[in-house]
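Asker: Given next are the chains, with one letter for each unit.
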Amino acid sequence: MVKIISGSNNDQYSIEELGTNPTIANVRMTFADMYNIKPDAKVFVSNPLKQVATAEVKEDYIIRDGDEVEFILAAGNKG
Amino acid sequence: MKIKRKIKIIGLGGIGTAFYPELYRYLEFRTEKFEVVLIDGDIYEEKNKQRQFFHRLGPKAQVLHEMYSEKFPGVIFQYEFQYFNESNAIYLLEEHDIVIMGVDNHKTRKMVADCCEQFQNISLISGGNHLTTGDVMWYLKRNGNALTLELDNQYHPEIQKPTDKHPEEIGCDEIVQSQPQILAMNNLVSAVMFNMLNILLDNYDEPKVEYNMVYLDMYSNKTRTVLRT
Numbered sequence: 003m004v005k006i007i008s009g010s011n012n013d014q015y016s017i018e019e020l021g022t023n024p025t026i027a028n029v030r031m032t033f034a035d036m037y038n039i040k041p042d043a044k045v046f047v048s049n050p051l052k053q054v055a056t057a058e059v060k061e062d063y064i065i066r067d068g069d070e071v072e073f074i075l076a077a078g079n080k081g
Numbered sequence: 006m007k008i009k010r011k012i013k014i015i016g017l018g019g020i021g022t023a024f025y026p027e028l029y030r031y032l033e034f035r036t037e038k039f040e041v042v043l044i045d046g047d048i049y050e051e052k053n054k055q056r057q058f059f060h061r062l063g064p065k066a067q068v069l070h071e072m073y074s075e076k077f078p079g080v081i082f083q084y085e086f087q088y089f090n091e092s093n094a095i096y097l098l099e100e101h102d103i104v105i106m107g108v109d110n111h112k113t114r115k116m117v118a119d120c121c122e123q124f125q126n127i128s129l130i131s132g133g134n135h136l137t138t139g140d141v142m143w144y145l146k147r148n149g150n151a152l153t154l155e156l157d158n159q160y161h162p163e164i165q166k167p168t169d170k171h172p173e174e175i176g177c178d179e180i181v182q183s184q185p186q187i188l189a190m191n192n193l194v195s196a197v198m199f200n201m202l203n204i205l206l207d208n209y210d211e212p213k214v215e216y217n218m219v220y221l222d223m224y225s226n227k228t229r230t231v232l233r234t
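Just so you know, the sequences run in chain order A and B.
Numbering-wise, the first sequence is residues 3 to 81 according to the working numbering.
Numbering-wise, the second sequence is residues 6 to 234 according to the working numbering.
Take these hints with a grain of salt, some might be off.
To be verified - Straight-line alpha carbon distances no greater than 20 Å define the calculated EDC-like cross-link-like pairs of lysine to aspartate or glutamate that follow:
no. : chain 1 : residue 1 : chain 2 : residue 2
1   : B       : K227      : A       : D42
2   : B       : K166      : A       : D42
3   : A       : K44       : B       : E163
4   : A       : K40       : B       : D119
To be verified - With the Cβ distance kept under 8 Å, some of the chain B side facing chain A (calculated, not the full set):
no. : residue
5   : H111
6   : G139
7   : D210
8   : V214
9   : S225
What the hints assert, rightly or not - Negatives, chain A to chain B, calculated, CB over 10 Å:
no. : residue
10  : N11
11  : I74
12  : L75
The set of hints was computed from the structure by calculation and includes no laboratory data.
Virtual Cβ for every residue (Gly too), placed ideally from N, Cα, C.
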């Protein structure tokens, strides 16, 4: 399973549900509206199962089983 | 002898307006003695009535001081009718301050964050929102040790290198199109900030840091805490 995270959203999907080519770019497009992911949002990936620490990744990164993918929601600017 | 703590509230817009009335009531009945300083260079106008409560038009910090100082005599109130900037930072904030920030631009957030990072002991709780989502972050430092990431960390380039304007950079003739905000969202952010202040005051010397950011969504009513390192 893969976690897709953005803001208060934190949901799990199977690798199959992410499509045949689960790159960051493709997943960003798929979930942009649902999770309010901006085109320029930074992306960080970790994999607790494989003890992979959190690191920023690029758009061509291919998501693997066990990954936790967070599209960083910008801090609210209004108040 | 009661411990005296200083709380500096920077920004008295939608979030600040929702935050401080309950803050005064809360502080009045705690065992510590508090001094609260309201800091904002803005004025209340008719258009603010949709999301902000005030009894007259005029400088926000002064108006709020009038509204609440006599009702809660156990708390010392002061106000500063000025925007926080790099020049006044040096005397507006001090060691051991608890800084509550609800401003409407990242430029000020960056300035406050930079200032707080210079102290050995400081507590900063910062809230902000978009239209239907929001977040609260805190920065805590004790005896020179940062217990949390700074606000302008690598995950938030919008605060690291803000592209918006500080209120003092907006010219008199410049008409700024206000981004719409929702009262419920301001209140949601304010409630979480209040809760984090409560948690902080109950463990002031050794705060429990199980998260450094809370994300909020007013439509789904979801919240998510994050511990970034």
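Asker: Which earlier hints can't be squared with this structure?
Answerer: Hints 1, 4, 7, 8, 10, 11, 12 contradicted; others consistent.
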